[in-house]
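Asker: The lines below spell out each chain.
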Amino acid sequence: MSGEATRTPAEGAVESPRLSHGVRAAAPLAVGPLLFGASFGLLAGEAGMSGAAAVVMSATTFAGSAQFAAAGTLEAGGSAVAAIVAASLLNARYVPMSVAVARLFRGSAARRFVEAQLIVDESWAISGRSGRFERPMLIGAGLLLYVCWIAGTAVGLVFGDSLADPDAIGLDAAFPALFLGLLWPYVQTERGRIAAVLGALVTFVLIPVAPPGVPIVAAAFVCLLGLRR
Amino acid sequence: MNEGWVVVVAVGLATLCCKAAGPVLLGRRALPPRALAVVELVAPVMLASLVVVQAVGGDRELVIDWTRLAGLGAAALALARGASLLPVMVLAAAVAALLRLAF
Numbered sequence: 001m002s003g004e005a006t007r008t009p010a011e012g013a014v015e016s017p018r019l020s021h022g023v024r025a026a027a028p029l030a031v032g033p034l035l036f037g038a039s040f041g042l043l044a045g046e047a048g049m050s051g052a053a054a055v056v057m058s059a060t061t062f063a064g065s066a067q068f069a070a071a072g073t074l075e076a077g078g079s080a081v082a083a084i085v086a087a088s089l090l091n092a093r094y095v096p097m098s099v100a101v102a103r104l105f106r107g108s109a110a111r112r113f114v115e116a117q118l119i120v121d122e123s124w125a126i127s128g129r130s131g132r133f134e135r136p137m138l139i140g141a142g143l144l145l146y147v148c149w150i151a152g153t154a155v156g157l158v159f160g161d162s163l164a165d166p167d168a169i170g171l172d173a174a175f176p177a178l179f180l181g182l183l184w185p186y187v188q189t190e191r192g193r194i195a196a197v198l199g200a201l202v203t204f205v206l207i208p209v210a211p212p213g214v215p216i217v218a219a220a221f222v223c224l225l226g227l228r229r
Numbered sequence: 001m002n003e004g005w006v007v008v009v010a011v012g013l014a015t016l017c018c019k020a021a022g023p024v025l026l027g028r029r030a031l032p033p034r035a036l037a038v039v040e041l042v043a044p045v046m047l048a049s050l051v052v053v054q055a056v057g058g059d060r061e062l063v064i065d066w067t068r069l070a071g072l073g074a075a076a077l078a079l080a081r082g083a084s085l086l087p088v089m090v091l092a093a094a095v096a097a098l099l100r101l102a103f
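In the order they appear, the protein sequences are chains B and V.
Numbering-wise, my numbering puts 214 at position 214 of the first sequence, and it's gapless, one number per residue.
Numbering-wise, my numbering puts 4 at position 4 of the second sequence, and it's gapless, one number per residue.
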């Protein structure tokens with residue numbers, strides 16, 4: 001992507017990429033949080049959430065699927081407890097994901113707590129695009145996506161459905177394609193390939209029978225294969 | 001506090017803690033080799049799982065949208081031929097969007 005083109009080899013060799021590289025790497029993805037954020041703002045309004053509640057949720061939860069699940073449950077007449085359970089199950093995947101990038105965070109526990117909030121599927125995935133996780137990629141991409149997600153939410157609250165429909169421009173195909181592309185470097189080894197296939201299988205089998213979120217968390221247990229030498 | 005705010009606060013707290021779990025509890029502590037071997041598999045497993053969920057995941061059902069799957073298939077072919085990330089995403093979106101326009 002564009003990030004590498006402007007980085008001279010010498011610069012890249014002596015120091016890891018800077019924050020701006022993460023921002024640039026995530027720039028093409030920004031349309032996602034903008035449009036999906038707008039969809040969330042719209043849905044939150046329909047679910048009876050106030051504008052302030054929707055924006056605060058985007059600023060604190062900062063995870064699309066969980067926010068859609070929570071607002072969607074309320075909108076369909078579900079209880080608050082059902083909405084909380086659905087969203088929390090979806091975000092439980094961030095426990096194994098945050099463990100994988102734990103060593104990128106420095107400083108006091110408070111600072112690590114705050115910076116860790118920039119972990120979201122896309123920033124997490126793109127920070128490992130070289131085959132290993134890199135801090136400036138995670139923080140830079142996370143910051144850009146965070147700003148776009150909150151801005152998108154606000155736009156959706158104000159302008160409603162006059163915006164482009166994410167599905168009409170194929171964003172629902174672009175994002176799984178992104179994750180597939182980011183998976184690519186990890187399946188070049190036999191170990192990675194086996195783990196990916198098993199993770200995909202567990203997810204596929206559980207989708208029809210388990211509540212959303214559970215299939216991903218269950219798939220995470222495939223990582224225990226690493227205990228076998 | 002109405003229902004919406006209860007959900008916002010509860011989900012927010014749960015998410016803050018899930019995301020901070022690794023960085024706060026583990027930090028830069030060196031992990032034993034066996035634990036490292038497990039952590040190393042998180043990326044391939046979770047990425048593969050995310051692909052499946054985003055491709056066919058629904059609320060306790062498989063959602064087969066052939067236009068989306070066609071876009072993803074085109075992306076897989078392009079990746080196999082060595083295409084980079086951004087063109088792959090654009091291709092997937094374009095294939096899905098054009099098929100939707102056409103049919």
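A few of these clues could be false.
Claimed, not checked - The following label-pair restraints were derived from C-beta to C-beta distances:
1. 132/B / 5/V: 36 to 44 Å
2. 5/V / 158/B: 19 to 27 Å
3. 69/V / 164/B: 16 to 24 Å
4. 101/V / 81/B: 19 to 27 Å
5. 60/V / 51/B: 17 to 25 Å
6. 18/B / 70/V: 33 to 41 Å
Said to hold, decoys possible - Footprint (simulated), chain B over chain V, 3 or more residues, beta carbon under 8 Å:
7. 37-44
8. 47-59
9. 75-88
Simulated from the structure, these hints should not be mistaken for lab results.
Note that this is a predicted model, so its numbers are computed, not measured.
Virtual Cβ for every residue (Gly too), placed ideally from N, Cα, C.
Asker: If a hint holds in the structure, say so; if it doesn't, say that too.
Answerer: Okay, the hints, checked on the actual structure:
no.: 1; hint: 132/B / 5/V: 36 to 44 Å; result: holds, 41 Å
no.: 2; hint: 5/V / 158/B: 19 to 27 Å; result: holds, 20 Å
no.: 3; hint: 69/V / 164/B: 16 to 24 Å; result: holds, 22 Å
no.: 4; hint: 101/V / 81/B: 19 to 27 Å; result: violated, 42 Å
no.: 5; hint: 60/V / 51/B: 17 to 25 Å; result: violated, 31 Å
no.: 6; hint: 18/B / 70/V: 33 to 41 Å; result: holds, 38 Å
no.: 7; hint: 37-44; result: holds (count 8)
no.: 8; hint: 47-59; result: holds (count 13)
no.: 9; hint: 75-88; result: holds (count 7)
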